[in-house]
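Number of protein chains: 2
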Amino acid sequence: MARQLYELCGTDPERRFSPYCWRSRMALAHKGLEAEVVPWRFTEKAALGFSGSDKVPVLVDGARTVADSWAIAEYLEEAYPEAPNLFQGTPAAQRFLATWSDAVLLPALAKLIVSDIPALLGAADRAYFIESRERRFGMPLGQVTAEREARLPEFRALLLPLRHLLKFQPFLGGPAPDYGDYCVFGTLMWPRAVSPLPLLEPGDAVHDWQERMLDLHGGLARAAPALAA
Amino acid sequence: MARQLYELCGTDPERRFSPYCWRSRMALAHKGLEAEVVPWRFTEKAALGFSGSDKVPVLVDGARTVADSWAIAEYLEEAYPEAPNLFQGTPAAQRFLATWSDAVLLPALAKLIVSDIPALLGAADRAYFIESRERRFGMPLGQVTAEREARLPEFRALLLPLRHLLKFQPFLGGPAPDYGDYCVFGTLMWPRAVSPLPLLEPGDAVHDWQERMLDLHGGLARAAPALAA
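Protein chains in written order, with the working numbering: chain A, 187 to 415; chain B, 187 to 415.
Next comes chain A alone, as it looks inside the complex (with noise of 0.2 Å):
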């Protein structure tokens, strides 16, 4: 059968650095499934037409079409009920460690790493980049990440919640992980793979909880090209 995830990419399709389609990696990879990569970059509006959606994540399963990281999630638990549960109870119960994710950590990450992009990118790509987050953040990306490193604190303070979270259970949604722990761990696959900078120290939970991520589903994430070490 034939399957397909469109994901982010830069000039080496390998390098794969879209918060979202991470989270649909993983959420394939949690129910057993195989899907074949089709790499897409920013500029490639037209070739995801089909799809109805001008971003990726988008996933063709057989006759079928999703766009959308979180449908792509609620499509795969109906689909393919047999296969382990990406949610416990409703989505709708777990779906704060997603907009959490979307409205507290990308956003902190952004300010943090978005000068590192433009060099995994294609020509086109970079102009379309850099124009368009110059214009998000109302200021040159160089001015941006300036002296990022004396922000990392404040970073890795946003991070307070996940770590008393993860006093009581070693995953965010208990004793194995679920679709709220790919939420968060896909946004944090966006930094690995595109910038050197060491967000996390060892010794923190996020850090130890990240290092169990990157072991699920055969190492599938480790396996993934990285900046970060």
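Please note that the accuracy of each hint is not assured.
All copies of an identical chain are treated as equivalent in the list; a pair is satisfied when it fits inside any one copy or across any two copies.
Once the Cα atoms are required to be at most 35 Å apart in a straight line, the calculated DSBU-like pairs of lysine-lysine come out as [said to hold, decoys possible]:
id : residue 1 : residue 2
1  : Lys231    : Lys241
2  : Lys353    : Lys231
3  : Lys297    : Lys353
4  : Lys241    : Lys217
5  : Lys217    : Lys231
6  : Lys353    : Lys217
7  : Lys217    : Lys297
8  : Lys297    : Lys231
The hints are simulated quantities; they were obtained by calculation from the structure and are not laboratory data.
Once you've looked at the hints, dock chain B against the given chain A.
Using the frame of chain A, we list chain B on its own:
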């Protein structure tokens, strides 16, 4: 059957303002369970000696004593499985709303409203509260809350992940409230009980959710004495 919940109050036993007691009070109501209020004050540590805890809430349910709001929620779910569920799936999967409330919401609120509390306390409690909180913050309480209205926008920005979540669903737990809702809502019952500061603005999705929560269980929380409008 004797069921009692020890809850924090000040000189007025009706004005109960502990975030954690409110979590347990709402959890009991969710389960359709009555429990007599036993008013408890900061300096009455000895009165809780029987429980092995020096903090409220403490639930006494017949022969069973349970301290700690999370443990109480887990106990209620186990002891009354036929009543409406507090958790969807395993409690662990939903715990992030609790740890976010504890690690992010509560400290931010403390910096806004802590100086409102002494006026509600008797003499012994007031001395205990001021001394312990000034030690915690490392400065006089009045200084903690100076210019607090100017810091309201910063507080409201912290609620962004809740706002994102409420775009998708009317309650944090989904179509109906669950214990995750009570964790955040209980935390917001603290400022409501002790401070006239208008934390949330009408039109804010979090404000509108709070209104729905105040209406639950026959308007239980709305009927509680409040200083907030």
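Structure-based check of each hint:
Taking the shortest Cα distances, Lys231 and Lys241 sit within 35 Å of each other inside one copy (7 Å), while across copies they are farther apart (57 Å). In this assembly of identical chains, Lys353 and Lys231 lie within 35 Å of each other by CA distance solely across copies; the values are 26 Å between and 43 Å within a copy. With identical chains, the CA atoms of Lys297 and Lys353 are at most 35 Å apart both within one copy (28 Å) and between copies (25 Å). In this assembly of identical chains, the alpha carbons of Lys241 and Lys217 lie at most 35 Å apart only when taken from the same copy (23 Å versus 43 Å across copies).
Proximity of Lys217 to Lys231 under the C-alpha cut-off of 35 Å is restricted to the intra-copy arrangement: shortest distance 29 Å within a copy versus 50 Å between copies. In the homo-oligomer, the alpha carbons of Lys353 and Lys217 lie at most 35 Å apart both inside one protomer (27 Å) and across protomers (28 Å), since each shortest distance falls under that limit. Within a single copy, Lys217 and Lys297 get their C-alpha atoms as close as 33 Å, which meets the 35 Å cut-off; across copies the closest is 44 Å, which misses it. For a Cα distance limit of 35 Å, the shortest separation of Lys297 from Lys231 inside one copy, 25 Å, qualifies, whereas the shortest one across copies, 47 Å, does not.
In terms of the numbered hints stated before, the structure departs from none.
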